[in-house]
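Q: Protein chains in written order, with this note's numbering: chain A, 1 to 269; chain B, 270 to 385.
Check the hints yourself; a few may be wrong.
Heads up, simulated EDC-like pairs for lysine to aspartate or glutamate below, C-alpha to C-alpha not over 16 Å straight-line [stated by the list, open to error]:
no., chain 1, residue 1, chain 2, residue 2
1, A, Lys39, A, Asp64
2, A, Lys205, A, Asp184
3, A, Lys205, B, Asp310
4, A, Lys39, B, Asp312
5, A, Lys205, B, Asp343
6, A, Lys205, B, Glu279
7, A, Lys39, A, Asp67
8, B, Lys379, B, Asp297
Hint data in this document are derived by calculation from the structure and do not stem from the laboratory.
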Amino acid sequence: MADEIRRWSDELAREPASLVFLQLSEALRRQGQLEIALKIALRGLERHPRHAEAHDLVARIAVDRRDFERACDEWETVLRIAPDHVGAMKGLGYVCFQQGRFEEAERYLTGAAAGGGGSAVHAALQTVRRSSTGAVMPGHDAIPAVDPPWLFADLLVDEGQTALLLDVNGFVMAGVYQDHDGNDLAQEIGAQLSGISDEVLRATKRLDIGEWRSIVFETHAAVVAMAPGADESLVVVAASRATPLGLLRRLLDRCAERAGLWLARQGSR
Amino acid sequence: MITPYTALLESLSRQRGVRASLIVSEGDGLVVDANLRFGQDGDPVAALAASLYRKARLSARAARLGAVGFLQLDAERGRICAVGGRNDLVIVVVAESTANVGLIRVELLKALESLE
Chain A
1 MADEIRRWSD ELAREPASLV FLQLSEALRR QGQLEIALKI ALRGLERHPR
51 HAEAHDLVAR IAVDRRDFER ACDEWETVLR IAPDHVGAMK GLGYVCFQQG
101 RFEEAERYLT GAAAGGGGSA VHAALQTVRR SSTGAVMPGH DAIPAVDPPW
151 LFADLLVDEG QTALLLDVNG FVMAGVYQDH DGNDLAQEIG AQLSGISDEV
201 LRATKRLDIG EWRSIVFETH AAVVAMAPGA DESLVVVAAS RATPLGLLRR
251 LLDRCAERAG LWLARQGSR
Chain B
270 MITPYTALLE SLSRQRGVRA SLIVSEGDGL VVDANLRFGQ DGDPVAALAA
320 SLYRKARLSA RAARLGAVGF LQLDAERGRI CAVGGRNDLV IVVVAESTAN
370 VGLIRVELLK ALESLE
């Protein structure tokens, strides 16, 4: 990736009007270098103000920076330029959901689903529909009032991402894991991972390497990451093989934070 | 004692931040060969790495994700990295938490190729 970033930077320096800024900025965004990614994207936008993908990119960087207002503005611009842009509809659906504007979220996500947004959009749409009948979440980081299977749905914005919360015995407390045919494999996965927290805890103690923070493993089709949660629970996140590890860790952190809040709320009831 | 794995393990242990390298049997968690510092006990590392790798493999199978490659456990003061192949053997490295994982991953995958 470092080589590609260097190559794209050189290309952009040679030809400032090149559209390579889209790839360069996206790569930097994925690496978490948000400020420089934004700078490059905005410079590109100055030269290509009617380029829908450039506005979409700025919106995604804005979401990563938790600047939801900017993200909305950019995605609305995208839809003025390209009314069928699935990414913008997904993005607006996500932001509206985060802000508790469920009707708008549903409208955008329905549009994205009709445009071929994939299973992640359908899952998000279900989350929104369930949320709209329950309590509205008050802030960006609050827990959506959804059924446990959909606890992480709004955090899983890319295709192929999935998350589970398992208890100490490997039973699924929240999240869902569906294969391409729609079969729920969560219980089966949980059963295979049962006892892992306890085992790692004992071993790391004996090896004197401190508390464990995460386990990550790569497979042919995906990257899987897990982290210990409250009450000896386990948060498991999977994403496509193309997902950079840094991005996966951020997703794992967000899901672990969500799981912690949710468990705390369950405990307080 | 020189074994068929001595050179491979020495090469892994030469990486900056690596404390120990081992080849373990995934099936029973026993050490097949190891390059350890004086006084280090390889048995708990072997048992943990084998068990983790087995659980990763079985959960990946349950999730229809295919074979497991590189695995990494991060703890406060250290990390354990492992790769396994088609046979029962898993190559394991114990490293400092500050060690360069990218480099260790490359070396482990290279070692796995030579093992197969």
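Q: Run every hint past the structure and note whether it holds.
A: Hint check:
1. A:Lys39 x A:Asp64: Distance of about 14 Å is within 16 Å: holds.
2. A:Lys205 x A:Asp184: violated, 35 Å
3. A:Lys205 x B:Asp310: This hinted pair holds, its Cα atoms lying about 14 Å apart.
4. A:Lys39 x B:Asp312: violated, 52 Å
5. A:Lys205 x B:Asp343: Satisfied, since the Cα-Cα distance of roughly 13 Å is no more than 16 Å.
6. A:Lys205 x B:Glu279: violated, 26 Å
7. A:Lys39 x A:Asp67: holds, 15 Å
8. B:Lys379 x B:Asp297: violated, 24 Å
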